[in-house]
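K.L.:
Protein chains in written order, with the numbering used here: chain A, 1 to 114; chain B, 115 to 225.
Don't read these hints as lab results, they were simulated from the structure. All C-beta atoms in this analysis are idealised placements derived from N, C-alpha and C, irrespective of residue type, glycine included. There may be inaccurate statements among the hints.
To give an idea of the interface, some chain B residues facing chain A are shown, with a C-beta separation under 8 Å as derived from the structure [as the list claims (entries may be wrong)]: (1) Leu159; (2) Leu160; (3) Tyr162; (4) Phe202; (5) Ile206; (6) Phe215; (7) Lys217.
In silico DSS-like links for lysine-lysine, alpha-carbon gap of 30 Å or less [said to hold, decoys possible]: (8) B:Lys207 with A:Lys57; (9) B:Lys212 with A:Lys69; (10) B:Lys217 with B:Lys182.
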Amino acid sequence: EAQVTQNPRYLITVTGKKLTVTCSQNMNHEYMSWYRQDPGLGLRQIYYSMNVEVTDKGDVPEGYKVSRKEKRNFPLILESPSPNQTSLYFCASSLTGPYSYEQYFGPGTRLTVT
Amino acid sequence: GEDVEQSLFLSVREGDSSVINCTYTDSSSTYLYWYKQEPGAGLQLLTYIFSNMDMKQDQRLTVLLNKKDKHLSLRIADTQTGDSAIYFCAEIKNRDDKIIFGKGTRLHILP
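Full structure from sequences and hints, please.
P.N.:
Pasting the structure below:
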């Protein structure tokens, strides 16, 4: 079954404690991206990756890091989380890029930073 | 404007048609998408339209595109309770690799 998985699904942490949210896809997709969803703001792109070892900033990259060492995985790293990073995070993948109509989203990770 | 604009809420009676409107930002945007987000779930790509099209129909869904006004609409015929969700409009600006989302329209179905 084609899917994008994220872990953990829920996380409560404290300010400054480094964390990683994992994202994995099983469809051999080239393009992966991270979004955050906040009430009244919709979805905003954090980072995206066109392929292995190729990453680029989205609209709200500050405070986040990513890596793409393998095609299937695209972890999101918060080196020093702050309360304004409390949000719902979605990972997505698509076959060849944002122009592809074969797109899948993960189920989301709800992060609370106290 | 610089944002993809959508109204935040829409209430429709079961069996009626729903029309969700969107204004996007770039008249040269090549791809325009509609996504559906059900409660507690991720987004699902519902349908899409290329900028060289005016209309696309897919079963109960009809997408209309007015490039002159940068206006996109999604019509859901015979709205059912399973259509209750948040619908996001999105564009890809010309020669860009990013998808720009609207804030989403919450569709509420009345019995």
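K.L.:
Hint by hint, note whether the structure agrees.
P.N.:
Here's how the hints hold up against the structure:
1. Of the supplied interface hints, the one on Leu159 of chain B holds, with its beta-carbon coming within about 5 Å of a beta-carbon of chain A, less than 8 Å.
2. Hint status for Leu160 of chain B: violated, given a least beta-carbon distance of 10 Å to chain A, over 8 Å.
3. A hinted interface residue such as Tyr162 of chain B counts as satisfied when its beta carbon comes closer than 8 Å to some beta carbon of chain A; here the least separation is about 5 Å, so the hint holds.
4. Given hint, Phe202 of chain B at the interface with chain A, holds; its Cβ is 7 Å from that chain's nearest Cβ, closer than 8 Å.
5. With 8 Å as the threshold, the beta carbon of Ile206 of chain B comes within range of chain A, its nearest partner Cβ sitting at about 5 Å, so the hint holds.
6. Checking Phe215 of chain B against chain A by beta carbon gives a least distance of about 4 Å; that is within 8 Å, so the hint holds.
7. A cut of 8 Å between beta carbons decides the hint on Lys217 of chain B: the least distance to chain A is about 4 Å, and the hint holds.
8. Proximity of Lys207 of chain B to Lys57 of chain A is assessed by CA-CA distance (about 16 Å); at most 30 Å being required, the pair is judged to hold.
9. Under the criterion of a C-alpha separation no larger than 30 Å, the hint pairing Lys212 of chain B with Lys69 of chain A is consistent with the structure, at around 21 Å.
10. Proposed proximity of Lys217 of chain B and Lys182 of chain B is supported: the alpha carbons are some 22 Å apart, at most 30 Å.
In summary, the one numbered hint that this structure violates is 2.
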